[in-house]
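Participant: Okay, here's what each chain looks like letter by letter:
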Amino acid sequence: MNTVEDAMKPPAGGREVPLKVRLRRAERARTLGYLALIAPLAIFVLLIFVWPLISLLQRSVDNPEVSAALPRTVAALHGWSGHELPGEPAFAALAADLEALKGTSELASAAKRVNMELIGFRSLLLGAAREMPLAAGKPAKDAMIELDERWGELATWQVLARNRASVTPYYLLTALDFAIDDTGAVINAPAERTIYRAILVRTLWMSVIVTFWCLLLGFPVAYLLATQPPKVANLLMILVLLPFWTSVLVRVAAWIVLLQNEGPLNTAMVRLGLIDAPVQLVFNWIGVYIAMVHILLPFTVLPLYSVMKGISPTLMRAALSLGCPPFASFWKVYFPQTLPGIGAGGLLVFILSMGYYITPALLGSPKEQMASYFVAFYTNETINWGMAAALSTILLVATLALYVIYARYFGPAKVR
Amino acid sequence: MTMKSRFSCLVGALGAGMVVAATAHADITVISFGGTVQKAQVKAYYEPFTKATGIKLIPGEYNGEQAKIKAMVDTKNVTWDVVEVESAELVRGCEEGLYEKLDFAKIGDKKDFIPSAVTECGIGTFIWSTVIAYNADKIKTPPASWAEFWDVKKFPGKRGMRKGAKFTMEIALLADGVKPDDVYKVLATKEGVERAFKKLDQLKPNIQWWEAGAQPPQLLAAGDLVMSSAYNGRIETAQKEGKNLKIVWNGGIYDADNWAIPKGTPKREDAYKFIKFASEAANQKVYSSEIAYGPTNLKAIPLLDPKILPELPTSPANLKNALACNTKFWVERGEDLEQRFNAWAAK
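Quick mapping for you: the protein sequence lines, in order, are chains X and W.
Sequence positions in the first sequence follow the working numbering and run 15 to 430.
Sequence positions in the second sequence follow the working numbering and run -4 to 342.
Zero decoy hints are in this set.
Below, computed lysine-lysine pairings styled on DSSO-like, alpha-carbon distance capped at 30 Å:
{"id": "1", "chain 1": "W", "residue 1": "K63", "chain 2": "X", "residue 2": "K116"}
{"id": "2", "chain 1": "W", "residue 1": "K158", "chain 2": "W", "residue 2": "K323"}
{"id": "3", "chain 1": "W", "residue 1": "K158", "chain 2": "X", "residue 2": "K381"}
{"id": "4", "chain 1": "W", "residue 1": "K323", "chain 2": "W", "residue 2": "K342"}
{"id": "5", "chain 1": "W", "residue 1": "K63", "chain 2": "W", "residue 2": "K268"}
{"id": "6", "chain 1": "X", "residue 1": "K381", "chain 2": "W", "residue 2": "K133"}
{"id": "7", "chain 1": "X", "residue 1": "K381", "chain 2": "W", "residue 2": "K148"}
{"id": "8", "chain 1": "W", "residue 1": "K148", "chain 2": "W", "residue 2": "K133"}
{"id": "9", "chain 1": "W", "residue 1": "K271", "chain 2": "W", "residue 2": "K105"}
{"id": "10", "chain 1": "X", "residue 1": "K116", "chain 2": "W", "residue 2": "K161"}
{"id": "11", "chain 1": "X", "residue 1": "K116", "chain 2": "W", "residue 2": "K323"}
{"id": "12", "chain 1": "X", "residue 1": "K381", "chain 2": "W", "residue 2": "K63"}
{"id": "13", "chain 1": "X", "residue 1": "K381", "chain 2": "W", "residue 2": "K342"}
{"id": "14", "chain 1": "X", "residue 1": "K381", "chain 2": "W", "residue 2": "K193"}
{"id": "15", "chain 1": "W", "residue 1": "K262", "chain 2": "X", "residue 2": "K116"}
{"id": "16", "chain 1": "X", "residue 1": "K155", "chain 2": "W", "residue 2": "K323"}
{"id": "17", "chain 1": "X", "residue 1": "K381", "chain 2": "W", "residue 2": "K199"}
{"id": "18", "chain 1": "W", "residue 1": "K71", "chain 2": "X", "residue 2": "K116"}
{"id": "19", "chain 1": "W", "residue 1": "K65", "chain 2": "X", "residue 2": "K116"}
{"id": "20", "chain 1": "W", "residue 1": "K105", "chain 2": "X", "residue 2": "K116"}
{"id": "21", "chain 1": "W", "residue 1": "K180", "chain 2": "X", "residue 2": "K116"}
{"id": "22", "chain 1": "W", "residue 1": "K235", "chain 2": "W", "residue 2": "K38"}
{"id": "23", "chain 1": "X", "residue 1": "K381", "chain 2": "W", "residue 2": "K185"}
{"id": "24", "chain 1": "W", "residue 1": "K161", "chain 2": "X", "residue 2": "K381"}
{"id": "25", "chain 1": "X", "residue 1": "K381", "chain 2": "W", "residue 2": "K153"}
{"id": "26", "chain 1": "W", "residue 1": "K133", "chain 2": "W", "residue 2": "K149"}
{"id": "27", "chain 1": "W", "residue 1": "K149", "chain 2": "X", "residue 2": "K381"}
{"id": "28", "chain 1": "W", "residue 1": "K101", "chain 2": "X", "residue 2": "K116"}
{"id": "29", "chain 1": "W", "residue 1": "K315", "chain 2": "W", "residue 2": "K148"}
{"id": "30", "chain 1": "W", "residue 1": "K96", "chain 2": "X", "residue 2": "K116"}
{"id": "31", "chain 1": "X", "residue 1": "K116", "chain 2": "W", "residue 2": "K106"}
If you're looking for bench data, these hints aren't it; they were derived computationally from the structure.
Please model the complete structure; the sequences and the hints are all you need to start from.
Facilitator: Below, the structure written as structure tokens:
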């Protein structure tokens, strides 16, 4: 506050500084103060969220392996037409590269990278490296083709030439079930390899179903919470929050125990004569949906509850006293006011379920695995981080696109 | 599994902190596949090693994912000193620089070991086999082969198989009548891969996939499965615990697990000491007596109780119709086939 008062006072002596300038100075000081206050959070978000996100997006097109391992070959292939075998200089350059990097991890990474696009390339390249240096006195081209006839094939050189750039569309294309054929054109992947489009659709579809059930089951619970006297409402609230605070893993393990073939639910149903033999409730879609809805339910109940708490009960009473039938007054007066809660809760559940991994992995069969499962697969098992990044990028883009659609048509501004 | 391993990591980390604080002597972290394998390792290797050398040892477990090791090596923050690795992953990791190239002078005489157990970056520690296991309470006449594993009329009920292309592809071809010697030749062709998936299509509705080696004995004993592919040692351990599970050796696929040292560990010398200790015949003998996996040290075989020999994957009778896992094949085609397998399984 001092600064403003100081600014209002005329300066002790010397030239008169206009009030406008003094005000601006004071404002600037205050703005800097605000900035200093939010700086820790901004820097934190930048370091922890934005930067990893950018590096993730970058990794999905990153392609450093070949250019790092085979610099001479890359240079020699510059300007190559791609329609006939490259000439002697390219073969000699490759032989020199292989000799220089024989047995190093750089060479193995390049071999692994190209092997993704051309199966067999790994052993071709590493095998050739083992034979280096080539015997003197013979052209490198003949010597290489003698080592393995695949060096005389156009496809081998095309795949090398394709990967000399330091960025590649390969991962993103593969993550959308596209492939690159021998001529370098983008085509649909062969049917027996297509998986990711179906997985993306499945991820969206499962999220829609989970969101639907969460809203359907969560709405009455939230209504009850908002309308009961505090004593009952508090107790109900604890029942909602207690599972919310329990670890997801614990809840998933509990569902396995409850739902398995010899578990309490199946045993009880058999004893009661409802079914003859145990029904498969876990390691298929039933288990996944039950557990996901259960885990995500609080995320709809809580926003709905906070919105319903703010709706004055007198509105309903007014509608009823003016002769509106009970259901119509609920539907026309009460329900529209809960839409922001439905929107917020639904969006929250939808986005959370898009990224679900642990629950389908533990409770589902391969038919229930969602996109994140394959991100984990590529990260942990095949160490193909390019694919993992590409799948994450696509998931991120899909989520953002849906969010934009939501904000446009169902956003707070529209509902109000 | 995840929960358990997380917990053990936590315990390991806490333990590491305390031990480092208390003594100047560095301790080593040894990572294996956990469960009954680890139990046997503790008895045969870990405890005697600490007793003999005074070097404290922190045991840990994982499911064979190489990503953690890559992350450690890439960031030059290697906290695992010795790791148990399957053969194909070892070769791949060795080429990609995840593991130290071993100096066998510090381990022992190469001639003492099964030739395939000695590789550039690793030394085989035991031979295991993927076999058919069944619940003898539910099935009276055992399935004779993988072909009968497919016979859902004769043996109704769910079958367990390891989730992944490795072994599953081989098993499908064996079930389709391919001779063990020809399996990899057939699988290397496009038609062979189609043939394997076609065979798997027949059984798909009856397959329940497992991931951790501890699952098949549990699922079999609980009655969720009538038969399953399984690691022979896990079944043998379950038998010792009184479960009525049996093994069919016909068509087993065997492979070695290896000790390897992640590249750049600061405790390399102690890691070598451990590997040398764990490769000695007398210690391998204790291990194979605990769990029915075959020793890689040839000198350990005469030391073993003749009674347990028939239960080992390396006994001549069990090797007769067995298939040796082709490491080279999986190094080359692993990623491609795993991807195709995923596409197939998700449909």
